[in-house]
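Novice: Here is how the chains run, residue by residue.
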Amino acid sequence: MTSIILLSVFGILNLFLGFLRSNKVLLPGAMLLLLAVFGANYADWNVAHAPYFNNMLVVDNYTVAFTGVVLLTTLLLLPFSRSYVVDGESNLAEYYALLLFSLVGAIMMVGYDHLLMLFVGIEILSVSMYVLAGSRKRDSRSNEAALKYFLMGAFATGILLFGIALLYGATGTFALSQLATAVAAPANASLQPMLYIGILMMIIGIGFKISAAPFHFWTPDVYEGTPTFFTAFMSTVVKTAGFAAFLKLLAVALPAAQGFWLPTIQAMCALTLLLGNVGAAAQTSTKRMLAYSSVSHAGYLLIGLVASKGILTGEAASAIFFYSLAYSIATVAAFGVLKLVADHRQRDDYAALNGLGKTNPLLAFTMTVAMLSLAGIPLTGGFFGKFFLLAAAAGQGYIGLIVFAVVMSMVGLYYYLRPLIAMYLRPAETDATPVPVDGIQTATLALLALLTIVLGIAPGFLSGIL
Amino acid sequence: MLTAVLLFLPLVAALLLHFTKGAARALALGASLLEFGLAAYAALAFKTQGSQAFNLDYSWIPSAGINFHIGLDGLSLLLVLLTTFLVPLILLAAFKRDYDNPSSFYALVLFMQTGLLGVFVSLDAFLFYFFWEVALIPIYFLAGAWGGERRVAVTLKFFLYTVVGSLFMLAGFVYLYLQTGPAAGSLATHSSELSAFYSLKLSAAEQSWLFWLIFAAFAVKMPIFPFHTWQPDTYTEAPAPATMLLSGIMLKMGIYGTLRWLLPVVPLGTSQWGKLVIILSIIGIIYGAIIAIRQRDVKRLIAYSSLSHVGLMAAGVFSLTQIGLQGAVIQMLAHGVNVVGMFFVADAIERRTGTRYIPDLGGLTRRTPVLSVCFLVMLLSTVALPLTGGFVGEFLLLAGVYQYNAWAGAVAGLTIIFSAVYLLRMFQRVMLGPDSTFSETITDLTGGELLVLVPLIALVFWLGLFPGSFLHLSEPAVTNILALVGR
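Chains A and B supply the protein sequences, listed in that same order.
All the letters of the first sequence, read from the start, carry residue numbers 1 to 466 under my numbering.
All the letters of the second sequence, read from the start, carry residue numbers 467 to 953 under my numbering.
Derived from the structure by calculation, the hints contain no laboratory data.
All of these numbers come straight from a predicted model, not from anything done at the bench.
C-beta: ideal position from N, C-alpha, C; glycine also.
Just to be clear, a hint being listed does not mean it is correct.
[To be verified] 27 Å max Cα-Cα, derived BS3-like pairs, lysine-lysine: (1) B:Lys562 x B:Lys513; (2) B:Lys667 x B:Lys562; (3) A:Lys137 x A:Lys148; (4) B:Lys487 x A:Lys358; (5) B:Lys741 x A:Lys358; (6) A:Lys358 x B:Lys623; (7) A:Lys148 x A:Lys24.
[Stated by the list, open to error] Facing chain A, a subset of chain B residues (Cβ under 8 Å, in silico): (8) Ile527; (9) Glu599; (10) Ile603; (11) Phe607; (12) Gly610; (13) Ala611; (14) Arg617; (15) Leu633; (16) Ala637; (17) Leu660; (18) Ser661; (19) Leu742; (20) Ile745; (21) Ile749.
[Claimed, not checked] Stretch-level coverage of chain B by chain A, calculated; a stretch enters the list once three of its residues show a Cβ under 8 Å from a Cβ in chain A: (22) 528–534; (23) 618–626.
Looking at chain A on its own, in the form it has when it is part of the complex (with noise of 0.2 Å):
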C-alpha cells in the first residue's frame, strides 16, 4: 500500500520537478523515487497486512513479489531513457509521471481482491500505456502504434468489462473469495452460461493484454512502431502485471470454474507458443523479433498457469514469478542494447547489429547473455525460468504440452542467435563508429547481464518463495 502512496505522490512530484526541463535532475530523481519505492515494498515481506479499501486490495507476499518485479524492471529501463529523452523532447516530465502512475495501475493488478479494482488498475496501466505508445508526436510510426493500441485495447477492456459484468450477473459479487464460493455452489443453476460466457469473456480481454494467441495479433505492429523505450515497458511490466493478475483470477477466484478454463488456456498455450516462435523465426527486424518472442514468452508463462491448477502458492506460482523476473531482466537488457543501437545507427534490423562485438563489446555481450536467457540455455535465468514452468507441469502431468513448448524452443534457438551471429559474426560496416554509452547506462548494462548470470547459477533464492 505505501508503494501505491508514494508512485502516487512521487509522480505528482515530477510533474513539479518538470519545470526545470533538465534531464540531469529528472532521470536521477526519478531513479531514487523508484528506489525509495521499490525499498518500501521490500519492507512489506512477510508482513501481515489487512486487506484495504473494503477488502478490494490485499497485500500478501505474491502482491509484494510481483510489485517488486515490475518496480526492479521499471528502475533498471530507466537509464536507457536518456538519449531519447534529450532528443528536443518538451515534455520530458510527463512522461516520468505517466510511467509512475502506471506502475500503480501494475501494482492494483497485482493486489486486487476485487474485480473493480482489477478493471481500475488495468485502466490505469492502459491508458498511460496508450500516450506513451504515441509519444513521439511526429513520427507517423508512433501515431500508428498508439491509435491502433488504443483502438484495441479499448476493444479488449470493453470486453473484459462485459465480462466482469456477466460474472457478477452470475454470482451477485466482485469479491474473488465470494466468487470463488458462488462459482462453487451456484445458487442458480440457470444462470451458469451466463457464468461461463463471462469467464471466457475475461480470458479474452486480459488474453489481449497479455499478448496471447489468438489475441496477440496486435504486439507486432504496436511494438514496432512505439518508441523503444516504451516498447520495452510493455512487454515486460504490463505482461508481468497482467499474468500475475490472471494467475490471481483463476486461483482465486474460478477454481471451481478448472473444467472449464483448463482446457481453453491450455489450447490458448499451444498456439501462442506455436504463432510465436514460428512468427519470430520469419522477421528480419530485430525489433519486431522481439515482440513476438515477447509473444511466444506468454505462451510458455501460459504453461505455468495450466500447471496452477488454481493454485496462488507453490511451484507453479513461484514458477511464474521467476519467469516473470528472469524474462523482464533479459527483455529490458535486449531492448536497452538495441535501443542505443538503433538511435546511433539509424535502423533496427539485424544488419544494425553487425560488428556489434568489436565496436561495443560490454553491449554485445549483455545481449548475449539476453539472447541466451530468453533462448532458455543454462548459465542465464532464462534456463531455470523455463526450467521450473516445465517441471511444475510435468508434475502435473502435461507431458504433451511440455513436448510442445520444448520444441517450440529449440524454434527459438534460431532466432536469438541471429543477433549474436550478426554481433559476433559478421563485420560491422566500415564506417561504423561505437555506440555511445553513458556511465549510468553502461553501470546497467553490466548489472542486467550480472543479475541474469547470477540467476543462472543459483536461482535458490528466489525459486519457491511463494
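With the hints as your guide, set chain B onto chain A.
Specialist: Same frame as chain A, now just chain B:
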C-alpha cells in the same frame, strides 16, 4: 574441496583475462599449467585416499532437491587429466597464430575448460546438464567468431544440432527426476542425484524410449552416424585450437556421458537398443573411412577419420564387456592425444604454406625432417601401430566387440585397415611425393611447436607401453558401471 578448485580455477582465470591486456598469454598458460599440476596432484592423492576424498555435496536449489554434487572416480579422473593435459597444449597452439582480440580467445578456451571439467565431475543430473550446455557456449563463439569463411552457417548447424540433442536429454532427465523419491534429509519431493537415478526401477517400456531421449545428446556430441553431419564442416571451419577442443575433449563428453548417465540409468533400454547402436557405429566406421579416402583437405580428412574412430569407441562401449569398456577409456585418452596432434601438425603445415589442399602439397619432408617424424608418430598411433596408445585402445575395443559378436568384430576391425589406407596415402602425398611449390621454402618445426608435440608424443608412447597405469585407475569404475548394467 580440491575438486571445486579444479573446476573453477580456469573460470576465474578466464574472468581475470579481461583485465590483463599485456600478460594475457602468460596468465592463460600459467593458469592452465597450474590446473594440470592440480589435476596431477589429485591423481596422486586419489591413489592413496580413494574417491571419497573428492566428494563435494552442497544444496544448490533446495526447493527442487537439486544439489551441487561433484566428485571423482577413476573414470572421471582420467578425463580430467586428459582435459587439463590438453588445454595448455591447445593454448600453446593458439599462441602460434595472431587471432584478433586474443585475450577473449584464451578466456573462451579456459571458460570451455570449466564446462568440460564440470561435465566430467558432476554427480547430479541437472548439474551435469548445466555444464553440458555451458561447454557449448564458448566453443560456439570460438568456432563462430574466429572460424573460416562458411562459419556462420556451419556453426549455426552445429549449435542447433547439439542443443536440440541436449534438450531431448533434459526431457529424459526431467522424467527420471519425477520418478525419484525425496533424498534423505531433503525437503524437496524429488532428487536429481545420480545415485537416485541408479536406484530407479523403471519398466522396460519406459527405458526403451528414455534410452533414445538421453542418447540423442550423446550421439550428436560423439557423433554417431547418422547424427554426424555437423561434424566435418565444423571441424574444418573452426580455428585449429577450437577443432582440437572439439575433437580432443568435447567428443569424449559423449562417450563419458554414455558410460555414466546412460548405460547404468537405463540398463534394459541399453540391452534392447545396444545392437542397433553397434550397427550404427559400425556403419559410421566404414562410412567415415570411405569418405576420408576421398578427401583432399587435410583437416576434413582428419575430421572423417575421427568420425570413423569414434564409431569404434561407441561399439566398444555398447559391447558391454569389461575389455570393451576399458578399451574405450584408453582410446578416449589415445584418441584425444592423437587427434590434437594431427590437427596441430595440419595447422603447422597450413601456417607455412597457406593451404590445406592435398594436391597443392607434396615433397615437404626434405626441408622438414622433424615435422615429418612428429606427423608420422601421430599418424601411426591413429593407425593403431603397436607401441602406441592407439594400438592398446583399438585392440581392447576390438576384443570387446569381438566378444560381443565375431562378425561385428571383424567388420569393425576394418577401421584399422582403412585408416592405414587414407592416412598413409595422405602422408605420402603431403610429405613425400613429387615436389610442390613449397618444397624448397618450407621451414621446419620451431622450438615452440615442439613444446606442444613432444608432450603429446611422450604420452602416445606412455599409453602404448604402460597402459596399465591408466587401466588400473579406471578398472573399479568400469566394473562398477557393468555391475549396474547387470553384466
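Novice: Does each hint fit the structure? Answer for all of them.
Specialist: How the hints compare with the structure:
1. B:Lys562 x B:Lys513: violated (37 Å)
2. B:Lys667 x B:Lys562: Violated. Lys667 (chain B) to Lys562 (chain B) sits at ~53 Å, over the 27 Å cutoff.
3. A:Lys137 x A:Lys148: Given that 27 Å is the threshold and the Cα spacing comes to 15 Å, the pair holds.
4. B:Lys487 x A:Lys358: holds (16 Å)
5. B:Lys741 x A:Lys358: violated (50 Å)
6. A:Lys358 x B:Lys623: Roughly 24 Å separates the two Cα atoms, so the pair holds.
7. A:Lys148 x A:Lys24: Distance of about 33 Å is beyond 27 Å: violated.
8. Ile527: holds (5 Å)
9. Glu599: With Cβ-Cβ at 4 Å, under 8 Å, it holds.
10. Ile603: holds (7 Å)
11. Phe607: holds (6 Å)
12. Gly610: Holds: closest Cβ of chain A sits about 5 Å from Gly610 (chain B), inside 8 Å.
13. Ala611: holds (5 Å)
14. Arg617: holds (6 Å)
15. Leu633: holds (5 Å)
16. Ala637: holds (6 Å)
17. Leu660: Violated: closest Cβ of chain A sits about 18 Å from Leu660 (chain B), beyond 8 Å.
18. Ser661: Since chain A brings no Cβ nearer than about 20 Å to Ser661 (chain B), farther than 8 Å, the hint is violated.
19. Leu742: violated (23 Å)
20. Ile745: violated (28 Å)
21. Ile749: At about 26 Å, which exceeds the 8 Å cut-off, the nearest Cβ of chain A leaves the hint on Ile749 (chain B) violated.
22. 528–534: holds (count 3)
23. 618–626: holds (count 5)
In this structure, the earlier hints numbered 1, 2, 5, 7, 17, 18, 19, 20, 21 are contradicted, and the remaining ones agree with it.
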